[in-house]
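Could you put the whole structure together from the sequences, leaning on the hints where they help?
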Amino acid sequence: MMEYLKYIGQGLIVFGSLFLFLGALGIFRMPDFYNRLQAGTKASTLGAMSLILGVGFIQPEWMIKSLIIVVFIAVANPLSSHALGRSAYKNNLKPFMKKKMDAYEKVAEILPKEEDRL
Amino acid sequence: MEWYYLIAIVFISLALLLGFIRLIKGPTAADRVVALDTMSIIITAALALMALYFDRYIYVDVALIYGVLGFIGVIVVARYLERAL
Amino acid sequence: MSGKPSAISQWVYAFLLFFVVWYAFTTSLEWAELITGAIVAAILAFFTYKMSKGGMTIYSPLKLIYLVQYFFVFLFALIKANLDVAKRVISPSLPINPGIVEFKTQLTSEFAKMVLANSITLTPGTVTIDVIDDMFYVHWIDVETEDPEQAYMKVAEPFEKILLKIYG
Chain B
1036 MMEYLKYIGQ GLIVFGSLFL FLGALGIFRM PDFYNRLQAG TKASTLGAMS LILGVGFIQP
1096 EWMIKSLIIV VFIAVANPLS SHALGRSAYK NNLKPFMKKK MDAYEKVAEI LPKEEDRL
Chain V
4 MEWYYLIAIV FISLALLLGF IRLIKGPTAA DRVVALDTMS IIITAALALM ALYFDRYIYV
64 DVALIYGVLG FIGVIVVARY LERAL
Chain E
-4 MSGKPSAISQ WVYAFLLFFV VWYAFTTSLE WAELITGAIV AAILAFFTYK MSKGGMTIYS
56 PLKLIYLVQY FFVFLFALIK ANLDVAKRVI SPSLPINPGI VEFKTQLTSE FAKMVLANSI
116 TLTPGTVTID VIDDMFYVHW IDVETEDPEQ AYMKVAEPFE KILLKIYG
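Chains as they are written, first to last, in this note's numbering: chain B, 1036 to 1153; chain V, 4 to 88; chain E, -4 to 163.
None of these hints come from the bench; they were simulated from the model.
Where is the CB? At the ideal position from N, CA and C, for every residue including glycine.
A few of these clues could be false.
[To be verified] The list that follows gives simulated cross-link-like pairs (lysine-lysine, BS3-like), each with its CA atoms no further than 30 Å apart:
(1) E:Lys160 to E:Lys75
(2) V:Lys28 to B:Lys1041
(3) E:Lys58 to B:Lys1125
(4) V:Lys28 to B:Lys1129
(5) B:Lys1141 to B:Lys1125
(6) E:Lys108 to E:Lys160
(7) E:Lys58 to E:Lys99
(8) E:Lys156 to E:Lys108
(9) B:Lys1141 to B:Lys1129
(10) B:Lys1141 to E:Lys58
(11) E:Lys160 to E:Lys82
(12) E:Lys149 to B:Lys1141
(13) E:Lys149 to B:Lys1129
(14) V:Lys28 to E:Lys82
[What the hints assert, rightly or not] Here are the computed distance ranges between Cβ atoms for each label pair:
(15) V:Thr31 to E:Pro87: 23 to 33 Å
(16) V:Ile61 to E:Leu59: 29 to 39 Å
(17) E:Ile74 to V:Ile12: 23 to 33 Å
(18) B:Pro1066 to E:Lys156: 27 to 37 Å
(19) V:Phe57 to B:Met1037: 15 to 25 Å
(20) E:Glu25 to B:Pro1066: 31 to 41 Å
(21) V:Thr31 to E:Val16: 47 to 57 Å
(22) V:Asp58 to B:Val1106: 19 to 29 Å
(23) E:Phe106 to V:Trp6: 37 to 47 Å
(24) E:Ile74 to B:Met1098: 36 to 46 Å
(25) V:Glu5 to E:Lys156: 41 to 51 Å
[Claimed, not checked] Now the stretches of chain V that chain B is said to cover, found in silico as 3 or more residues with beta-carbon under 8 Å:
(26) 44 to 57
(27) 62 to 75
Dropping the structure here:
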């Protein structure tokens, strides 16, 4: 039984590090900020989750703490990327588009600026 | 060293390198922050892997705290870019 | 949600939340640790129980089943999203067609909206940029449709139909 857990853990670690690499490759290759955000958030979230879960599988006593890190990453990572995306838009960073499709533009203009809201 | 550590370390170093290039190059501040965010997640995972390699449980706590602090840092920078701090 | 929950159920909810967090950070089964955690959680819950809106009402067995179902739907979407991103990143021509679309949600609870926004961020090709009242603004890496109705069907529908059952 322990042997199988170990093999699952090793598989998860390799899979996770591969996705971490793909996430960073996305950060490197994508043409603009928003697409980098996409690649960076998704791939690195799954990569880190699966790698840390793999560590938990190899050392079963560490499972609880690695599960905490996994849950934390799953909750915190989309939050931080959402905050970054909105702040970049408010900071007048226009998304790169092949054909103009920007439903947020009209809203961002009428919204009160943050400094007025505070 | 077992084979999976080797593969994981190669991928993680390449990922950190690519993230670092974007961190230096990134045309705007937001690009740099998103690179930094991804790098901090990669380092969290790498710390967990280090805990396994050196067989030290305390490093897992280090990874947890690093993840929390990285998250807070990114949120703070995002709010700052939004001119809300 | 059926009426306002009683103070006891709100307190129990807050207590369980704090106690689980305590256990998560200590991860030890020693009696001293558990008792200290219980006391701290009880005191904190006394100060904060008014903030929990639903109390224990979210823990009906049926809702737990939906939560599990949500988890699996989410996990499947997460893996699909990553394979999708990986495919785009690796292919030399970078097949992307990005844009920002909007759609309307039927959810009313703020927490449920947060869960939906997070799920959208982690699923294929979409990042939530902003949520204003009940409008979601989503950056989509490969826009298939600009119409809010159809965008809703493609991006949010599978999650929202489960969340509606849980948070009503």
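Comparing the hints with the structure gives:
no.	hint	result
1	E:Lys160 to E:Lys75	holds (24 Å)
2	V:Lys28 to B:Lys1041	violated (40 Å)
3	E:Lys58 to B:Lys1125	violated (38 Å)
4	V:Lys28 to B:Lys1129	holds (19 Å)
5	B:Lys1141 to B:Lys1125	holds (12 Å)
6	E:Lys108 to E:Lys160	holds (13 Å)
7	E:Lys58 to E:Lys99	holds (24 Å)
8	E:Lys156 to E:Lys108	holds (12 Å)
9	B:Lys1141 to B:Lys1129	holds (13 Å)
10	B:Lys1141 to E:Lys58	violated (38 Å)
11	E:Lys160 to E:Lys82	violated (34 Å)
12	E:Lys149 to B:Lys1141	holds (23 Å)
13	E:Lys149 to B:Lys1129	holds (24 Å)
14	V:Lys28 to E:Lys82	holds (24 Å)
15	V:Thr31 to E:Pro87: 23 to 33 Å	holds (25 Å)
16	V:Ile61 to E:Leu59: 29 to 39 Å	holds (35 Å)
17	E:Ile74 to V:Ile12: 23 to 33 Å	holds (24 Å)
18	B:Pro1066 to E:Lys156: 27 to 37 Å	holds (35 Å)
19	V:Phe57 to B:Met1037: 15 to 25 Å	holds (21 Å)
20	E:Glu25 to B:Pro1066: 31 to 41 Å	violated (54 Å)
21	V:Thr31 to E:Val16: 47 to 57 Å	violated (37 Å)
22	V:Asp58 to B:Val1106: 19 to 29 Å	holds (24 Å)
23	E:Phe106 to V:Trp6: 37 to 47 Å	holds (44 Å)
24	E:Ile74 to B:Met1098: 36 to 46 Å	violated (21 Å)
25	V:Glu5 to E:Lys156: 41 to 51 Å	holds (45 Å)
26	44 to 57	holds (count 8)
27	62 to 75	holds (count 7)
Violation of the numbered hints given earlier is confined to hints 2, 3, 10, 11, 20, 21, 24; the remaining hints are satisfied by the structure.
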